[in-house]
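Number of protein chains: 4
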Amino acid sequence: MIVVMRPGTTEQDVEEIVARLGQWGLKAHVSRGTERTVIGVIGERTEEVVRLASLQTVEQVVPVRRPYKLVSREFHPENTVIRVGRAAFGTGEVVMMPGPCAVESREQVMAVAELARDLGCPVLRGGAYKPRTSPYSFQGLGVEGLRILAEARERYGLAIITEAVDHESLKYVAEYADIVQIGTRNMQNFELLKAVGQIGRPVLLKRGMAATIDEWLMAAEYVAAHGNPDIILCERGIRTYEPKTRNTLDLSAVPVLKQLTHLPVVVDPSHATGQWSLVEPMALAAVAAGADGLLIEAHPNPAEALSDGPQSLNLPNLTHLVENVSRVAAALGRRL
Amino acid sequence: MIVVMRPGTTEQDVEEIVARLGQWGLKAHVSRGTERTVIGVIGERTEEVVRLASLQTVEQVVPVRRPYKLVSREFHPENTVIRVGRAAFGTGEVVMMPGPCAVESREQVMAVAELARDLGCPVLRGGAYKPRTSPYSFQGLGVEGLRILAEARERYGLAIITEAVDHESLKYVAEYADIVQIGTRNMQNFELLKAVGQIGRPVLLKRGMAATIDEWLMAAEYVAAHGNPDIILCERGIRTYEPKTRNTLDLSAVPVLKQLTHLPVVVDPSHATGQWSLVEPMALAAVAAGADGLLIEAHPNPAEALSDGPQSLNLPNLTHLVENVSRVAAALGRRL
Amino acid sequence: MIVVMRPGTTEQDVEEIVARLGQWGLKAHVSRGTERTVIGVIGERTEEVVRLASLQTVEQVVPVRRPYKLVSREFHPENTVIRVGRAAFGTGEVVMMPGPCAVESREQVMAVAELARDLGCPVLRGGAYKPRTSPYSFQGLGVEGLRILAEARERYGLAIITEAVDHESLKYVAEYADIVQIGTRNMQNFELLKAVGQIGRPVLLKRGMAATIDEWLMAAEYVAAHGNPDIILCERGIRTYEPKTRNTLDLSAVPVLKQLTHLPVVVDPSHATGQWSLVEPMALAAVAAGADGLLIEAHPNPAEALSDGPQSLNLPNLTHLVENVSRVAAALGRRL
Amino acid sequence: MIVVMRPGTTEQDVEEIVARLGQWGLKAHVSRGTERTVIGVIGERTEEVVRLASLQTVEQVVPVRRPYKLVSREFHPENTVIRVGRAAFGTGEVVMMPGPCAVESREQVMAVAELARDLGCPVLRGGAYKPRTSPYSFQGLGVEGLRILAEARERYGLAIITEAVDHESLKYVAEYADIVQIGTRNMQNFELLKAVGQIGRPVLLKRGMAATIDEWLMAAEYVAAHGNPDIILCERGIRTYEPKTRNTLDLSAVPVLKQLTHLPVVVDPSHATGQWSLVEPMALAAVAAGADGLLIEAHPNPAEALSDGPQSLNLPNLTHLVENVSRVAAALGRRL
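Residue numbers (the UniProt record's numbering), protein chains in the order written: chain P, 1 to 336; chain X, 1 to 336; chain W, 1 to 336; chain U, 1 to 336.
Hints should not be assumed to be uniformly reliable.
Treat identical chains as interchangeable: a pair holds within one or across any two.
[To be verified] With a Cα cut of at most 20 Å, we get these calculated PhoX-like pairs of lysine-lysine:
hint : residue 1 : residue 2
1    : Lys171    : Lys194
2    : Lys194    : Lys69
3    : Lys171    : Lys69
4    : Lys69     : Lys244
5    : Lys194    : Lys244
6    : Lys171    : Lys244
7    : Lys27     : Lys171
8    : Lys244    : Lys27
Everything labelled a hint here was simulated from the structure, so no lab data went into it.
Go ahead and model the full structure; you've got the sequences and the hints to work with.
Below, the structure written as structure tokens:
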């Protein structure tokens with residue numbers, strides 16, 4: 001930490017800070033510049049040092065260290081590799097995870113699952129518990145939906161990823177799913193993060209709709225600190241002023257995360273754009289930017305979908321997307 | 001709803017849409033303009049109509065009605081009045097709710113509570129369960145903190161507002177608190193919203209950090225739809241690109257909400273600005289903009305606060321703020 | 001400036017940086033922490049130091065000083081007072097500046113000017129050169145508009161503020177206006193800023209639609225550095241994700257600026273909100289937050305306005321606003 | 001346009017609107033829904049209809065048509081192809097445009113130009129007039145810089161792109177450059193847009209830092225409406241709350257624009273990210289998303305660059321980038 005004093009502070013003001021730091025067991029390194037005095041703090045007690053900003057003599061407190069540890073690449077330089085069924089996240093493979101937004105019926109799920117298998121995609125997505133903006137919208141099939149997903153796993157040899165929305169649903173999801181998804185609205189539901197820290201299954205943690213990359217990594221740190229190191233980060237668009245897309249897909253987050261963390265990073269272009277015709281170009285871009293995988297919404301009949309139809313690919317378009325993703329991956333020495 | 005067709009659509013495309021609408025029991029009103037054909041939809045099935053946007057022939061689907069009902073002023077033109085202890089939200093009164101960010105000790109709480117009572121403030125705030133960005137930060141005293149708050153209530157005749165973060169903490173909070181706060185990170189924790197819909201106590205619902213006003217009202221609609229009409233909305237700053245304040249306090253939301261909803265609206269200038277020296281001017285501005293009350297962080301010794309010290313007022317500054325709020329309120333024919 | 005080295009940098013890496021700083025005439029103060037080495041730079045050559053961020057061994061370069069000088073309160077602790085006609089910005093007075101968005105006709109301007117005079121407002125606003133989003137929109141009356149404004153000045157004893165959009169219009173505006181306005185889209189039109197630095201008249205500099213406070217002050221620094229110290233800053237809303245208002249009025253910017261700069265700060269609630277019914281509450285809030293004045297759009301017949309009708313007050317509403325602003329100002333020991 | 005009436009409006013209110021529309025020569029199509037009456041407006045006078053939003057009886061006015069014409073794909077379905085030297089924008093080719101941020105010296109420019117030629121890049125970028133946030137920063141070499149660029153053109157057979165910042169610099173830039181760049185801060189400098197509408201050379205129009213896609217296309221419409229159809233759009237990052245990158249590169253804008261307009265779209269990953277190590281992944285992503293070309297900052301010695309060193313590639317990294325871009329382009333059936 002660095003404490004920047006206001007201009008015009010006296011020797012005594014500086015000594016008062018140094019004394020406080022001493023009480024917290026921290027050493028101070030005072031540097032008097034032409035216009036500001038700066039105090040370098042040596043030691044770890046970030047929480048305490050931040051409080052100094054409430055003093056009238058202090059202009060700002062600047063952190064120099066990342067606030068997260070377990071998930072930082074500094075702490076763990078090698079990529080974390082997460083193996084689920086035939087998929088291996090973090091190895092250069094592009095893990096394809098197509099599926100419907102919400103599980104609506106056995107037929108719907110099987111239609112997508114069969115195509116996913118045929119296209120060589122190792123994971124099937126589908127929501128059984130749906131966090132919906134309106135209390136009057138379809139809220140998901142619950143356990144019945146999980147059973148349909150489990151049947152698709154048996155039949156087509158796919159791993160299953162599905163969302164948990166609270167402690168209650170987490171119990172069932174952890175029983176049926178191969179990967180537990182935590183959605184964008186729950187990224188800072190810290191009690192839920194603590195709970196998924198203890199389930200012994202990989203977690204896919206979506207970025208909060210307006211979360212900074214640091215806050216996102218702190219959310220992952222919650223999961224890791226509570227015992228679960230198998231975390232996949234998923235960029236799904238952030239909130240901006242631009243109305244032409246539902247959110248703005250922040251693909252720069254992919255290479256930024258690759259520098260900061262050892263965790264795999266995947267991208268969901270369907271929720272980000274909100275429009276099916278933008279999904280393929282953004283899926284290709286995500287892979288070119290270095291994403292470890294893709295969540296893609298697909299539906300046998302998007303115009304009848306109970307949730308997010310406008311952003312769902314129909315099955316021919318899903319096939320087209322997978323073929324092109326495969327080409328871009330190969331060009332960069334990667335594979336599906 | 002209005003369905004705008006793409007340019008170049010044929011008579012048959014339009015008929016296909018009209019037929020679908022008919023299947024859903026909806027009437028269509030077709031209007032052929034110079035460059036676009038527009039279909040006015042008469043009837044209520046919003047969810048279904050939205051799906052039409054996935055069709056190639058449809059350019060956009062435009063809602064003309066608010067998505068919320070119970071909380072809309074259209075549905076309920078009179079202000080909702082919520083009485084808690086000596087406070088009455090929604091009557092023109094400015095309800096002052098000072099207190100520490102986190103309950104840290106009996107002494108700390110009593111010091112603020114005593115001053116609050118002396119200044120005529122009817123409600124005391126204080127967190128016993130703290131959602132913290134870092135898993136390594138102080139997470140609150142839990143039930144012990146609630147007991148300290150309850151003691152302050154007895155001793156100083158104040159109503160208590162404190163936050164619940166999940167089903168578990170909600171049980172205890174609902175037992176001890178007069179108003180249950182749902183924090184910014186939980187605004188779209190729909191399972192928690194459903195639960196507070198059933199507790200029979202007033203709820204203060206903070207705006208999500210990047211929530212639109214419509215999403216916020218939809219979150220309130222969840223609470224109302226699950227049985228609880230006593231909802232106080234709290235503006236606490238939104239996420240923007242400006243780094244000089246922690247968030248950007250969106251005071252325009254106050255008069256916007258006064259038009260859209262009958263619910264009371266209060267403001268938290270402490271979390272919004274993140275800096276104690278900005279709290280008083282923004283508190284005054286909030287009252288001038290029409291806010292029904294203020295949440296204000298105050299601490300006997302901000303530099304020792306375990307949470308959010310830099311934004312906490314010390315007690316002399318709290319006194320100064322209350323006096324000036326009182327003057328602005330009086331100038332506009334209101335009172336504390 | 002502070003240079004934070006990456007973890008794992010060697011003694012030699014640090015020496016290389018220290019040597020470069022030495023070549024630029026700067027002293028280095030090296031501080032070795034538990035996880036990072038930090039170099040405090042003593043001296044002024046900000047531009048050069050920033051370049052160090054391109055080195056592989058450097059994690060970040062943190063400025064500790066404000067980038068602006070002439071406009072900073074540190075450099076000039078007393079408020080700048082700007083007197084124009086009967087108005088005095090920066091003295092605690094609330095300077096009222098009502099008027100139409102665009103000058104459309106003699107009758108229109110005189111109607112607003114007469115009321116402004118009657119209400120005791122010292123300044124009249126009105127645009128003769130209009131920067132419009134669409135090339136097909138009304139672009140203003142130009143010099144003819146300026147002449148109408150000048151006539152209103154003579155007749156009603158008001159000072160005139162109007163916008164210049166390029167070097168050409170600036171020539172005429174500087175001849176006719178008492179205060180030259182630089183609009184939000186030109187806040188970083190640096191060539192225009194240099195030119196208004198030389199006109200010898202007060203300048204009102206609107207905040208860019210997505211400008212940070214620091215960038216805004218740097219734009220003011222351009223004007224000051226080119227010779228013009230009489231700058232009035234005008235907050236007019238920033239771009240955010242919230243669609244219910246045209247922009248989000250960032251009133252926190254008012255007290256933030258009061259700390260950082262000695263320049264007067266006014267607020268334009270009409271452009272910020274884009275909706276006439278929100279203008280009065282936000283005008284009152286602006287004054288309560290400490291604004292030195294208000295730009296208010298008013299029109300004798302908003303539904304016929306050639307520009308921005310939906311956000312213009314009609315004349316009875318303008319009267320109502322001025323009366324309430326006067327009450328809030330008085331409550332805080334200020335006057336119109 | 002669609003006019004949505006407030007709930008509770010009377011027959012007479014509706015007739016008043018219909019009468020006004022009639023005065024403007026517009027036909028009305030009234031549709032009475034269960035909760036709102038909606039008036040479809042048939043005809044073109046957008047400006048007038050928008051004013052209706054200032055009436056108390058009108059809830060909102062919804063446009064159904066794009067506000068731009070000349071630049072819309074609807075108006076001109078085929079891609080605009082712009083040929084400059086060996087480059088052809090809009091044909092599927094990926095036009096590479098590397099070069100230094102600012103022209104600093106003959107040696108610097110020739111070093112990059114020689115490599116650009118060797119790598120097969122057809123265009124060289126370089127700034128002679130630099131819009132800088134600080135008045136104390138290097139402002140460019142001006143005409144001398146243009147002469148150096150012209151010499152590089154002769155020597156290496158490259159087309160030149162460089163920025164104009166006002167009418168004055170535009171005169172010189174139009175004389176020396178093959179493509180005139182309008183920078184992000186000038187995207188809504190409408191007087192400058194009118195001027196570049198008349199220069200008879202291709203224009204590269206960068207997106208404003210917080211411009212919506214519609215505003216950007218309206219800025220292009222200014223150029224087109226003043227006579228210049230050869231416009232290249234350049235996405236360069238938008239302002240968001242995320243501090244890890246200088247701006248957030250909005251790659252979704254590429255496929256969105258491909259739907260809305262016939263103009264070519266290129267991407268500048270250097271300014272967007274502000275960090276050289278992120279430039280290559282985002283360049284690859286841009287091509288995968290469908291960009292027609294790339295502006296890439298490169299410098300023989302980034303740590304000595306007078307402007308934007310931290311985001312400049314050194315020459316080996318530029319070579320690496322061009323090779324990988326070439327692979328991704330080929331995978332998608334495109335070429336450099």
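* To do: Indicate which option fits the pair lysine 69, lysine 244 if close means a Cα-Cα distance not exceeding 20 Å: within, between, both or neither.
  => between (37 Å within a copy, 18 Å between copies)
* **Up to 20 Å CA-CA - lysine 194 versus lysine 171, copy category** => both (14 Å within a copy, 19 Å between copies)
* Evaluate lysine 171 and lysine 69 at a C-alpha cut-off of 20 Å and name the case that applies: within, between, both or neither. => This pair counts as neither: shortest intra-copy Cα distance 28 Å, inter-copy 33 Å.
* **Alpha-carbon proximity between lysine 171 and lysine 244, which holds within one copy, between copies, both or neither at 20 Å** => This pair counts as neither: shortest intra-copy Cα distance 38 Å, inter-copy 36 Å.
* Are the CA atoms of lysine 194 and lysine 244 at most 20 Å apart within a copy, between copies, both, or neither? -> neither (36 Å within a copy, 26 Å between copies)
* With identical chains treated as interchangeable, where does the CA-CA distance between lysine 244 and lysine 27 reach 20 Å or less: within a copy, between copies, both, or neither? -> Close neither inside one copy (52 Å) nor across copies (29 Å); limit 20 Å.
* Between lysine 194 and lysine 69, at a C-alpha cutoff of 20 Å, which is it: within one copy, between copies, both, or neither? -> within (16 Å within a copy, 35 Å between copies)
* Since the copies are identical, ignore which copy is meant and state whether lysine 27 and lysine 171 lie within 20 Å (CA to CA) inside a copy, between copies, both or neither. => Neither: 47 Å inside a copy, 44 Å across copies.
The structure fails hints 3, 5, 6, 7 and 8 (numbered hints given earlier, in ascending order).
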